[in-house]
Amino acid sequence: MSKDTVQNGVVVSMDYKLTVDGEVLDSSDDAGPLQFLAGHDNIVPGLEREMIGMKIGDSKDVVVSPEDGYGEFDEEGFMDVPRSEFPSDMQIEEGVELNITDEDGENQFARVESITNESVRLDLNHPLAGAELHFNVTVVALREPTAEELDHGHVHEEGHNH
Numbered sequence: 033m034s035k036d037t038v039q040n041g042v043v044v045s046m047d048y049k050l051t052v053d054g055e056v057l058d059s060s061d062d063a064g065p066l067q068f069l070a071g072h073d074n075i076v077p078g079l080e081r082e083m084i085g086m087k088i089g090d091s092k093d094v095v096v097s098p099e100d101g102y103g104e105f106d107e108e109g110f111m112d113v114p115r116s117e118f119p120s121d122m123q124i125e126e127g128v129e130l131n132i133t134d135e136d137g138e139n140q141f142a143r144v145e146s147i148t149n150e151s152v153r154l155d156l157n158h159p160l161a162g163a164e165l166h167f168n169v170t171v172v173a174l175r176e177p178t179a180e181e182l183d184h185g186h187v188h189e190e191g192h193n194h
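Position in the sequence shown counted from 1, then plus 32, gives you the working numbering.
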C-alpha cells in the first residue's frame with residue numbers, strides 16, 4: 033500500500049486554521065502541525081473524509097457541517113448537579129469549563145451555565161456544537177504509524193506514555 037496520500041492507517045501531519053463565523057478559533061501556527069492517525073476518529077469526521085487522497089503539499093479549504101463536526105446543539109444537553117457534589121474549595125463560576133466523568137466512566141466536557149445556592153447547571157454541549165467549521169488544511173508530512181500507535185488508535189507524541 034502506497035503511503036503518499038492521506039488514507040486510513042497513515043499518520044498525517046497537517047497545518048491548519050479553523051475559522052467559525054469569520055473568527056479564527058484555532059490554528060497550527062503556535063503549536064506546529066497537528067498529527068493524527070487517519071481512520072481512527074482522531075479528528076472530526078467531515079474534515080477527515082475530505083482529506084482522504086491528499087498528498088504532501090496539498091492545501092484545501094473544507095467546510096464541515098455541524099453533524100460532521102461537533103454535533104448539533106442539543107437543547108436537552110444540560111444537567112443540574114447538586115452543589116454539594118462539587119469540592120468545597122473548587123471555584124465555580126459561569127463560563128468555567130470542566131471535565132466530568134459520566135456514568136460509563138467516560139470523560140466529558142461541560143461548561144458551567146448557571147449557579148444557584150442548591151445546584152449548578154452544566155452545559156454538556158461541545159463549545160462548537162451547531163457551528164459550521166471552516167478549515168484550511170495543508171498536508172505537511174505522511175508516515176507509517178508504529179505498531180503501538182495502530183494498537184492504541186492515536187499518534188504518540190514525544191514524551192507520550194499512555
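Simulated from the structure, these hints should not be mistaken for laboratory data.
Just to be clear, a hint being listed does not mean it is correct.
[Claimed, not checked] In silico DSSO-like links for lysine-lysine, alpha-carbon gap of 27 Å or less:
1. Lys49 <-> Lys87
2. Lys87 <-> Lys35
3. Lys35 <-> Lys49
4. Lys92 <-> Lys35
5. Lys92 <-> Lys49
[To be verified] Distance windows between CB atoms, simulated:
6. Ile84 <-> Arg153: 50 to 58 Å
7. Asp134 <-> Leu57: 23 to 31 Å
8. Asp47 <-> Asp134: 20 to 28 Å
This one's a predicted model, so the numbers in the text were calculated from it and none came from an experiment.
Note that the Cβ used here is the ideal one computed from N, Cα and C, for glycine as well.
Cross-check of the supplied hints:
1. The suggested pairing of Lys49 with Lys87 holds, with an alpha-carbon distance near 18 Å, which does not exceed 27 Å.
2. For a cut-off of 27 Å, the pair hint linking Lys87 to Lys35 stands: about 9 Å separates their Cα positions.
3. For the hint linking Lys35 to Lys49, the alpha-carbon distance of about 24 Å falls within 27 Å, and the restraint holds.
4. With a CA separation close to 19 Å, the supplied pair Lys92 and Lys35 stays within the 27 Å bound.
5. Taking the CA atoms of Lys92 and Lys49, the gap is near 11 Å; set against the 27 Å cutoff, the hint holds.
6. Checked against the given bound of 50 to 58 Å, the beta carbons of Ile84 and Arg153, roughly 40 Å apart, lie outside it.
7. Taking the beta carbon of each, Asp134 and Leu57 are about 26 Å apart, inside 23 to 31 Å as hinted.
8. Our hint of 20 to 28 Å for Asp47 and Asp134 is violated, since their Cβ atoms are close to 34 Å apart.
Checked against the numbered hints above, the structure breaks hints 6 and 8 and satisfies the rest.
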